[in-house]
Each structure stands twice: as structure tokens, then as C-alpha cells.
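Asks: This is what each chain is made of:
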Amino acid sequence: MRSAITVVGASLAGLSAARALRAQGFEGRVLLVGDEPHRPYDRPPLSKDFLAGKVSLDDLELSTSDDDFDWQLGERAVALDGQDVLLASGERLASDGVVLATGARARRLPGMPLPGVHTLRGLDDALVLREELVAGARLVVVGAGFIGAEVASTARGLGLEVTVVEALSAPLAGPLGDEMGAVCAGLHQDHGVRLLTGVGVAALVGEDRVRAVRLADGRELPADVVVAGVGAVPCVKWLEGSGVRVDRGVVTDARCATNVPGVVALGDCASSYNNFAGQAMRLEHWTNAVQQAQVAAATLLDKEVPARAVPYFWSDQYGVRLQFAGHRRDGDRVTIVDGDTAARRFVAVYRRGDRPVAVLAMNQPKLFGRRRRELAAAVPQPA
Amino acid sequence: MIAVCALQDLPPGEAIRVDADVPIAVFNADGTFYAIDDTCTHQDASLADGWLEGCQVECPLHASCFDLRTGRPSGPPAKVPVRTHEVVVHDGHIYVQVAARESALA
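Top to bottom, those sequences are chains A and B. In short: position in the first sequence from 1, add 199, done, that's my numbering. At position 57 of the second sequence the residue is numbered 46 (my numbering), and the sequence of numbers has no breaks.
By construction, these hints were calculated from the structure, which means they are not laboratory data. Hints are supplied without guarantee of correctness; some may be wrong.
What the hints assert, rightly or not - Using 20 Å as the maximum straight-line C-alpha spacing, the simulated SDA-like pairs for lysine to any residue come out as follows:
| hint | chain 1 | residue 1 | chain 2 | residue 2 |
| --- | --- | --- | --- | --- |
| 1 | B | K68 | A | S264 |
| 2 | B | K68 | A | S255 |
| 3 | A | K253 | A | T486 |
| 4 | B | K68 | A | V519 |
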């Protein structure tokens, strides 16, 4: 019987876990520790409507007056001692259960920090960046992943001249494959964004402020603003010496349990075994944070774990909504089963042999929802 | 009162979006009709595109559910219920009586 549980990380994953603990009947203390001063807020709009100035901070806030937790915001966790959490302030939070939800931080380019060069992960990043996205400015986005593509889309809508640089042969070739990556490339081109693929960045040019991006092939792209969307690194360094196993994230089983009893992990900082994919995955996606929260809470409270859903993510680029469910590997075969890629309105299914393993849609939420459920129906349940 | 469609155009398990001042989604949940504001929070997803299961509709984007009877969300990012509206079936047609703007449960 636990009496106090500390949740480290007060973003969507941590908040969702704290709520799940309450929803599953935990009546003891729930301490929510967050290193940002802000209450939990919704991150997806940071690269879209918030960056464009269309929604306010109030619109992003996720917590409500129903959230019955002991908030410890603006506090950094520096160590985990058994099930006690040590804060930078020197305070020790005595707990008999710990939820690790510390998320991830944006990877940086060599040469950062340099004024004019940004990453976008949190609210403060978005506040600084949006001041620099003025019409007519030249923006170079490094990395055509979700953050990069969404920032490029938003900036283009704000009237900036945008160039996107991607080291792979196509945007989102990792999650979506080359063929669908080429369709994503078309979204940029449709909207007058210059996309350079298959080329890396060698250096940022500028002393007091960025003025260009030098590519690996020697070309220099003039830049007033640069955004680096080159991935994220899980925030797990503070766990060194705790005994918790880390390998590209906190290692957990499908139930979010770590190797340390009474400690669970979820969200962007966790490398969790995924039944659908049949492997450990670090899923940096919104829905995963919410769904894993139910699992983590059940595990900590020794309750039956709810069924895991299929991995799912979405992205909004240039008015087109991409939705993807499942897990793709090299060698999977993709076919369009509805609609037309040229119209940017279609559903594509990926198959491994004859077995559907993933589905991608652009602007087809209803059909996508049905296909996603079909994938879920095929998920093998834990023994 | 807003005319929605003929009864046969909204079979069980389906939803239809009505473009009113604020868009409204009308659902046939196993033969019972419900109507709620169509938009999940941040105005970025249409609930009429969501998955209907019993009296719950799942946002097609966030996968959080809304209870068709109360408008209450099951999880983030929605914080407040969406408005619910009365559905009237008359002479083989479906109509919605739009609720006052402030009537969502506090």
C-alpha cells in the first residue's frame, strides 16, 4: 500500500500519469515535479497555431482545478535514491512510488548557442522564436522531421522565405519510408518552400548572430533565422547512479515497469517494449504519453494493465493533416488503398508479407480511424 | 431548430457535421441520436470524424473521448465539456435545437 507517489516531469505524460493514479483510486499524496515554471501545457500547437500567434498560453494549459496534486514547479530533480527524489533545491521527496516522465530535450547543432539559431521543444523556445519569424525574413530549417516541417509550414504562412535542409533522401523517410516521404516533400514544394535533401549541415556561419548555414557540399544558405529540428535526447542523465537501467531512454517492459521496484517510466524519456512493434521503442508522440499513463499507473498500483493501443502520431503541415498508426520497417510494402497522393488526400497501408502493419493518411481522418482500429484488433495481447 | 438530414441518411454508428454558427456533430448511437459541438479543443479536429463507441465519441486526432450525453471529455487536451444539443426526430427528418452558448457544463 503506497502512501506517496512522486511524478517527475510535469508535461503531458506526467500530468496524465498523475490523473490516472487518481482515476484508478490512489488517494495518497501525488507530488508533481516539473523543471519548467509553467503548469502543464499542450506542446503540439507550439510549432503551429501558437507560433503563428493564433492561440494564447491560456489555450495551451492542460491542468484544471480538478487536478489534486502537490505541485513542485520550477524544480529540477537531480537524483533518485531508491524511491526518494532529490531536488536541486536540496529537498528530498520521500516516496514509495516514482513515475519517471522527464521527457526529452531538443538535440542541438554544433555551433549553438548562437543568436538567431533555435530549437523548439518548450513554451519558452516558442516565445523567443515567434518574435523572430517576421515576414520577409529568410528562415533555414535544419531537419525535415515533424518539428522542422511544421515550423517551415507555419513560417511560410507568416510570409517568410523558407528553405528546409534534410540529410536523408526524403522528409520523414525514417517513420514513413522513401515513397511516402516523397509525398511529404511535395507538400513543401506545393507551398514555395525550397527543400534540399540528401545533404548535411557542416557549420553555422556568423559571429554575433547567424548569417548563413554552410552545407556539407560547400554551399552557403543565407539565413536570418535558423531552426534545428534534428531530434531529441531523453532527459535521463539525472538518473545516473540510481540503479535504474537506461538505454536510449529509461528501459521498461510493456507495463512501463523499470528494473527498480516501485519505479515506472513513460513518455519521451522511456524506451518501452511495444507489443505491436515487437521491440523496445522510444515514442515521442502525444497519444503515447496519454495512453502509457494508464499503463504506468496500473502497474504502480498493482492493477490489471489496460490494453496498449497501436503507436499513433499526427502532424499538420500546410493545411494537410498527416496521421500514422503502426510501425514501419524497411522492406514493408506500401500501397494506396483510397484517394490520391497528388490530391494530398489518401490512405496508404503498409504490409509485411500479407499482414498490415501500418497505415498513413493525409486529410482522411474518418477512414484513417477505421484502419487504425483494424490494426489495433490485430495486436497480440500480453500473455 | 436546424434541419440535419433524413433519418435514413444517418444510420447507426454514423455521424454528420452540421455547419451552424458553431459546427455541430450529430450522432446515431445505436438508434439514439445525440448532438454536440463538433470541435475538439484548439479547434483542430472534427468530432464527426471520430470513432463512435456506445455513447462515447473518440476525437479523431487526440484519441480522447467525449460523452455524447454530457459533452464531458475523458482526457487532455480538452478541459471543458463541449455543448450538447437537443435532437428532434419529426416526420422522418432529424433536427437539432441549438443550445445557448453558455450551456456547457461548468
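Asks: Identify every previously stated hint that the structure contradicts and give their numbers, smallest first.
Replies: 3 and 4
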